[in-house]
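Peer 1: Single-letter residue listing:
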Amino acid sequence: MMEFKHRQLKNGLTVIGEVNPAAQSAAVGFFVRTGSRDETPEVSGVSHFLEHMLFKGTERLSALDVNEAFDRLGAKFNAFTSEENTVFYAAVLPEYLPAVSQLWLELMRPSLRDDDFNIEKHVILEEIAMYRDMPQYEVMDQGRALHFGIHPCGNSVLGSDDSIKAMTAQQMRAYFQQRYAPNNMVLACCGRFDFDQLCELAEAHSSAWKPVEAQRRLFDFEGTFQVRHVQNPNLARHHICLLGPAVSMQDPRRYAASLLASIVGDDTGSRYYWALTETALAETAVMQCESMDGTGAFYSYFSCDPKNAEKVIETVKSVYKDLAETGLPASEIEAARNKILTSLTLKCEQPMGRLVSLGFNWVYNHQYRSVQNDVDDVKSVRRQEIQEMIALKLGRFTQFSLGPLPA
Amino acid sequence: MADSYRLKNGMVLLGERMEVQSVSFQFLLPAGAALLPRGRAGSAYVISDWMFRGAGGRTSRQLVEAIDSLGIHHSESVHTYQLALSASLEAGNLARALELFADVILRPAFDPLQFVPSLQLAINDLKGLDDDPRQKVMMRLAEQFYPDPLGRPVMGTMEELESLTAETAAAIAARFYDPSQIIFSIGGSYDFDTVCRQMERLFENPGTPGIKDIQPAPTGSRYTHDQNEGAQVHIGLMTPVPPIASDVYYELLAAVAILSGSMSSRLFTEVREKRGLCYAVGAKYRSLKEHAGISCYAGTTPDKAQETLDVTIDQFRKLRLGISEDELQRAKVGLKTSLIMQTESTGARAGGIAADYFLLGHVREPEEIREKIEALSVPRVLEVLNRYPFEEFTVVTIGPRQVNV
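Residue numbers (this note's numbering), protein chains in the order written: chain A, 19 to 425; chain B, 1452 to 1856.
Pulled out of the complex, with its shape left as it was, chain A reads as follows (with noise of 0.2 Å):
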């Protein structure tokens, strides 16, 4: 059976660890409170950018002895960033883990070196262009930054060409200092491990990092409703992101968001999938609720033939309005809910699948939370609080496009 352990070090860092004694690897990760929407305009993409930077070394160690060390661990390890988190993780077997721990201690005080600076920004040039060939994202990062106006969680995570291209190593070092704080950082651990040893090389090799106050503007934003198309000759389908407020990370009512996202765009059997996908007026046609901190968005992403752009609106404004006026068979809510638990359970089966549910519930909330804690959540959701959730949020977005034709 699953064990949950919490611990707070003195510097403020703190460690978190679900304990699975029948588990065959381990997964263990470093989430910072920090991403795009904690950044200033001069250094946009500076969190992602950083999030490469770690893997760059540290005093002791340049990047290929980093990349040599966890290969020899046998470490599936990668990072990620997002508006909001910039997360750190590796997947190994027991016996690696408190290895590959302390590795991810010392990555965590990197030395940021002007050289390995100067490589790494062509990559990350080399990410911004692939994302560019990849409309299905690039519909997505740029309909965020229309929904959400001054809102902060409309700041790209790559950053431009241009950010990128002026961004200094000194400014990157700053920005470092201010947000990569113990107190702004949980250690989580899942799988099979001793969380007492963990506690002790965290304590051993962080004994040196000095808490910081590290700020972040926090407020709800609806969106700006604003429609734009953008055109690009190059393109062969008509991609359509449509954004729509949801609740937060910290609001309760989001299990019955996600089960409302699930009802009108999961892949399969949704009403998205009955008006668009099966009768093939859209190839794509897909919502999630993604709650953040402190707000929150609908997000749906639709892919056509560029000649049924406004039918595919026209269908969706028909698919929301009928939500808002007849009522939910309870059918509905119930296939939602499985699939929906499904995922959980399928979530359970590696260490690595928990990892993140346990970082995340931890940053949002300081709370543990278990898959058993989930599952009851997802199952006492009412009806009536979908239909709420219907009649506060569905209805208004914004809408993005990209595709061959002129608006």
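Check the hints yourself; a few may be wrong.
Unchecked claim - Taking lysine-lysine pairs in the DSS-like style, the calculated list, with each CA pair at most 30 Å apart, reads:
hint: 1; chain 1: A; residue 1: K94; chain 2: B; residue 2: K1783
hint: 2; chain 1: B; residue 1: K1783; chain 2: A; residue 2: K365
hint: 3; chain 1: B; residue 1: K1769; chain 2: B; residue 2: K1587
It should be emphasised that the hints constitute simulated quantities derived from the structure, not laboratory data.
Fit chain B to the supplied structure of chain A, relying on the hints for placement.
Peer 2: What follows is chain B alone, placed relative to chain A:
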């Protein structure tokens, strides 16, 4: 030991039990793109959508609702030899899920009215490939690398799709149910006796002889370029090596791991870390039954495309000149870790045992694989690399600029 049983009609059932709450299963039907009639390569792609639009007396909506009400996550994918129907769910709903899939396989409605949107979705997906050059370049690469029809694109061509009728598609689909060529696999929480009894009852239908022999013809061109005014040049390249059933398979796996298995590998270090040429670069061993290759993808902006290709090919060629003990050791740990982590995922396990059975004729035990990995040595890997040097490459690019090959 993995569970194994053969139904009276010849269908093979394979299973591996795991201590979890979930279960995943997969049906491999002999309906891969290479087996389909000439000029009909995209038909299985269309049929895989069509067969879920009503079955066993249920309408399209009733069928989807029945699947959804059990919380089943399912996906269909067409491969070279097979059409795979895969599902994952909570273990308690397994029996009801198998009944639904038996209906889909044995009693699809194949309503001609529902064929129209299934075909339209396939056409849309094929057009959408132009907006996903990274995926497209790897599909084009398989097409050029493998002897025809083994590299056929699973979505077919636009002409093939546009000429496909409901009648033709239904006639092709009628040959999918050949139990002697179907592999069913299951991983996770289940009782094998119960599953076998239920499957015997559900699939007592003896079926019809399916499509068997394919005659591979010559491969395509050495270099192909598709002009596209995107931001990057997407490069795909592939070099031939022996397939998974050969006695050099583990040496090749180690070679690919040293080349590209992780962040300290040769390609990542030389192409990305030292030169900053790419964000994405990576190689994989890809094996069909009798043909295999090591494929590689790299995406880069036009000014760097030639250098990226040159450095990448140079790394492939240099590998046989020498590898260090430390490199091989890292590759071994990485391969062993992947192996153990796969045994934790029900979906990966169900897929893995079916692939083993089809490609090798038996399911490898994790212990057998571990021993083979342990036994690898630097001289042995180098000997294999010298026997099969990475010299011949098939190259495909999509983007604003061509390269010199």
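Peer 1: Determine for every hint whether it applies to the structure shown.
Peer 2: The hints, checked one at a time:
At roughly 13 Å between alpha-carbon atoms, K94(A) and K1783(B) fall within 30 Å of each other, so this suggested pair holds. Distance hint between K1783(B) and K365(A) is fulfilled; the C-alpha atoms sit about 27 Å from each other, no more than 30 Å. For the proposed pair K1769(B) and K1587(B), the alpha carbon gap of about 28 Å is at most 30 Å, so the pair holds.
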